[in-house]
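Novice: In the order they appear, the protein sequences are chains D and P. Numbered according to our numbering, the first sequence terminates at residue 111, and the numbering increases by one at each position without gaps. Numbered according to our numbering, the second sequence terminates at residue 114, and the numbering increases by one at each position without gaps.
Just so you know, these hints were derived from the structure itself, not from any lab. Be aware that one or more of the hints could be misleading.
Claimed, not checked - Restricting the straight-line Cα-Cα distance to at most 27 Å, the calculated cross-link-like pairs of lysine-lysine (DSS-like) are:
{"hint": "1", "chain 1": "D", "residue 1": "K59", "chain 2": "D", "residue 2": "K79"}
{"hint": "2", "chain 1": "D", "residue 1": "K63", "chain 2": "P", "residue 2": "K44"}
{"hint": "3", "chain 1": "D", "residue 1": "K79", "chain 2": "D", "residue 2": "K103"}
{"hint": "4", "chain 1": "D", "residue 1": "K68", "chain 2": "D", "residue 2": "K42"}
{"hint": "5", "chain 1": "D", "residue 1": "K79", "chain 2": "P", "residue 2": "K62"}
{"hint": "6", "chain 1": "P", "residue 1": "K78", "chain 2": "D", "residue 2": "K103"}
{"hint": "7", "chain 1": "D", "residue 1": "K42", "chain 2": "P", "residue 2": "K78"}
{"hint": "8", "chain 1": "D", "residue 1": "K68", "chain 2": "P", "residue 2": "K44"}
{"hint": "9", "chain 1": "P", "residue 1": "K44", "chain 2": "D", "residue 2": "K57"}
{"hint": "10", "chain 1": "P", "residue 1": "K15", "chain 2": "D", "residue 2": "K42"}
{"hint": "11", "chain 1": "P", "residue 1": "K44", "chain 2": "P", "residue 2": "K62"}
{"hint": "12", "chain 1": "P", "residue 1": "K83", "chain 2": "D", "residue 2": "K103"}
{"hint": "13", "chain 1": "P", "residue 1": "K44", "chain 2": "D", "residue 2": "K103"}
{"hint": "14", "chain 1": "P", "residue 1": "K11", "chain 2": "P", "residue 2": "K62"}
{"hint": "15", "chain 1": "D", "residue 1": "K42", "chain 2": "P", "residue 2": "K83"}
{"hint": "16", "chain 1": "P", "residue 1": "K11", "chain 2": "P", "residue 2": "K44"}
{"hint": "17", "chain 1": "D", "residue 1": "K68", "chain 2": "D", "residue 2": "K57"}
{"hint": "18", "chain 1": "D", "residue 1": "K69", "chain 2": "P", "residue 2": "K44"}
{"hint": "19", "chain 1": "D", "residue 1": "K42", "chain 2": "D", "residue 2": "K57"}
{"hint": "20", "chain 1": "D", "residue 1": "K68", "chain 2": "D", "residue 2": "K79"}
{"hint": "21", "chain 1": "P", "residue 1": "K62", "chain 2": "P", "residue 2": "K83"}
{"hint": "22", "chain 1": "D", "residue 1": "K63", "chain 2": "D", "residue 2": "K79"}
{"hint": "23", "chain 1": "D", "residue 1": "K42", "chain 2": "P", "residue 2": "K44"}
{"hint": "24", "chain 1": "D", "residue 1": "K59", "chain 2": "D", "residue 2": "K69"}
{"hint": "25", "chain 1": "D", "residue 1": "K103", "chain 2": "P", "residue 2": "K11"}
{"hint": "26", "chain 1": "P", "residue 1": "K15", "chain 2": "P", "residue 2": "K62"}
{"hint": "27", "chain 1": "D", "residue 1": "K59", "chain 2": "D", "residue 2": "K42"}
{"hint": "28", "chain 1": "D", "residue 1": "K79", "chain 2": "D", "residue 2": "K57"}
{"hint": "29", "chain 1": "D", "residue 1": "K103", "chain 2": "P", "residue 2": "K62"}
{"hint": "30", "chain 1": "D", "residue 1": "K57", "chain 2": "D", "residue 2": "K103"}
{"hint": "31", "chain 1": "P", "residue 1": "K78", "chain 2": "P", "residue 2": "K44"}
Residues per chain, in single letters:
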Amino acid sequence: EDQVTQSPEALRLQEGESSSLNCSYTVSGLRGLFWYRQDPGKGPEFLFTLYSAGEEKEKERLKATLTKKESFLHITAPKPEDSATYLCAVRGGGSNYKLTFGKGTLLTVNP
Amino acid sequence: EAGVAQSPRYKIIEKRQSVAFWCNPISGHATLYWYQQILGQGPKLLIQFQNNGVVDDSQLPKDRFSAERLKGVDSTLKIQPAKLEDSAVYLCASSLLAGPDTQYFGPGTRLTVL
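With the sequences and hints as input, model every part of the structure.
Specialist: This is the structure:
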């Protein structure tokens, strides 16, 4: 069974204070690791997909990296508008390609 | 491009009552997913449709939950009868195809069962 563990559960940063979120996973035949952002009262918003160890993707102040066991979401010089819950999900090699999500990291960036 | 639409956005019912949620996926998306997200948890897949056929409903509590996707476009998810533990946000997502395609989520329906 695919499993995803995210840490920390919550993270509070000052504006401009860079940090990283962790996503550890076990999956049979990784077919993609996904990062989503979820604001209160909204559905998850797609950020990145990573497919193989060593791959990196960037978007504004966010950079996602992938190893064989975990992924990191690096946030550089965050702003208050980056405050949200960040969800990590994996897609295994099953025939239905379903996503298994972690519980998320609640990020709060104070001005 | 319009996103995934869901209605209603909020619903409050008494336990043992029935409720239905509606989802309209992104135009042209063949695959539709229903997820349940309990407060403080990540979304959990309930059912996946490819066009109007069910691909995976292994985590759907079939004694009380049902879903259909007539004509391969809109979908409805029904709960009958509802239990207190069904209180959650029900998210609909769609993707162009199954497999590696990105899933795009709707805003969700927040269900409270009293």
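Novice: So, for every hint listed, does it hold in this structure?
Specialist: Okay, the hints, checked on the actual structure:
For the given pair, D/K59 sits about 14 Å from D/K79 by alpha-carbon distance, which is consistent with the 27 Å threshold. A threshold of 27 Å between alpha carbons decides the hint, and for D/K63 with P/K44 the separation of about 26 Å falls inside it, so the pair holds. Distance check on the hinted pair: D/K79 and D/K103 sit about 23 Å apart at the alpha-carbon level, within 27 Å; holds. With a C-alpha separation of about 31 Å, the suggested pairing of D/K68 with D/K42 is violated against the 27 Å cut-off.
Among the hinted pairs, D/K79 with P/K62 is inconsistent with the structure: their alpha-carbon atoms are about 44 Å apart, more than 27 Å. For the proposed pair P/K78 and D/K103, the alpha carbon gap of about 25 Å is at most 27 Å, so the pair holds. Annotation: proposed proximity of D/K42 to P/K78 holds, straight-line Cα distance about 21 Å (limit 27 Å). Restraint check: the Cα-Cα separation between D/K68 and P/K44 comes to about 24 Å, which is no more than 27 Å; the hinted pair holds.
The straight-line distance between the Cα atoms of P/K44 and D/K57 is roughly 26 Å, inside the 27 Å bound, and the hint therefore holds. Taken as a hint, the P/K15 and D/K42 pair is honoured in the structure, with Cα atoms around 25 Å apart against an allowance of 27 Å. Our distance criterion of 27 Å between C-alpha atoms is met by P/K44 and P/K62, whose separation comes to about 15 Å. Between the alpha carbons of P/K83 and D/K103 the distance comes to roughly 23 Å, so the proposed pair stays at or under 27 Å and holds.
For the suggested pair P/K44 and D/K103, the alpha carbons sit about 10 Å apart, so the restraint of at most 27 Å is met. In summary, the hint linking P/K11 to P/K62 is supported, as the alpha carbons are separated by about 21 Å, within the 27 Å threshold. Distance hint between D/K42 and P/K83 is fulfilled; the C-alpha atoms sit about 24 Å from each other, no more than 27 Å. Taking the CA atoms of P/K11 and P/K44, the gap is about 20 Å. The hint holds against a cut of 27 Å.
Proximity of D/K68 to D/K57 is assessed by CA-CA distance (about 16 Å); at most 27 Å being required, the pair is judged to hold. Using a Cα cut-off of 27 Å, the hinted pair D/K69 and P/K44 holds, with the two alpha carbons roughly 22 Å apart. For the hint pairing D/K42 with D/K57, the CA-to-CA distance comes to about 24 Å; that is within 27 Å, so the pair holds. In summary, the hint linking D/K68 to D/K79 is not supported, as the alpha carbons are separated by about 30 Å, beyond the 27 Å threshold.
Distance restraint check for P/K62 and P/K83: the Cα-Cα separation of roughly 13 Å lies within the 27 Å cut-off, and the hinted pair is therefore satisfied. For the hint pairing D/K63 with D/K79, the CA-to-CA distance comes to about 15 Å; that is within 27 Å, so the pair holds. Simply put, D/K42 and P/K44 have alpha-carbon atoms about 16 Å apart, close enough for the 27 Å limit, and the pair holds. Annotation: proposed proximity of D/K59 to D/K69 holds, straight-line Cα distance about 22 Å (limit 27 Å).
Restraint check for D/K103 and P/K11: satisfied, since their Cα atoms lie roughly 24 Å apart, inside the 27 Å limit. For the given pair, P/K15 sits about 17 Å from P/K62 by alpha-carbon distance, which is consistent with the 27 Å threshold. For the hint pairing D/K59 with D/K42, the CA-to-CA distance comes to about 20 Å; that is within 27 Å, so the pair holds. For a cut-off of 27 Å, the pair hint linking D/K79 to D/K57 stands: about 19 Å separates their Cα positions.
For the hint pairing D/K103 with P/K62, the CA-to-CA distance comes to about 25 Å; that is within 27 Å, so the pair holds. Using a Cα cut-off of 27 Å, the hinted pair D/K57 and D/K103 holds, with the two alpha carbons roughly 22 Å apart. Restraint check for P/K78 and P/K44: the C-alpha separation of about 16 Å stays at or below 27 Å, so the hint holds.
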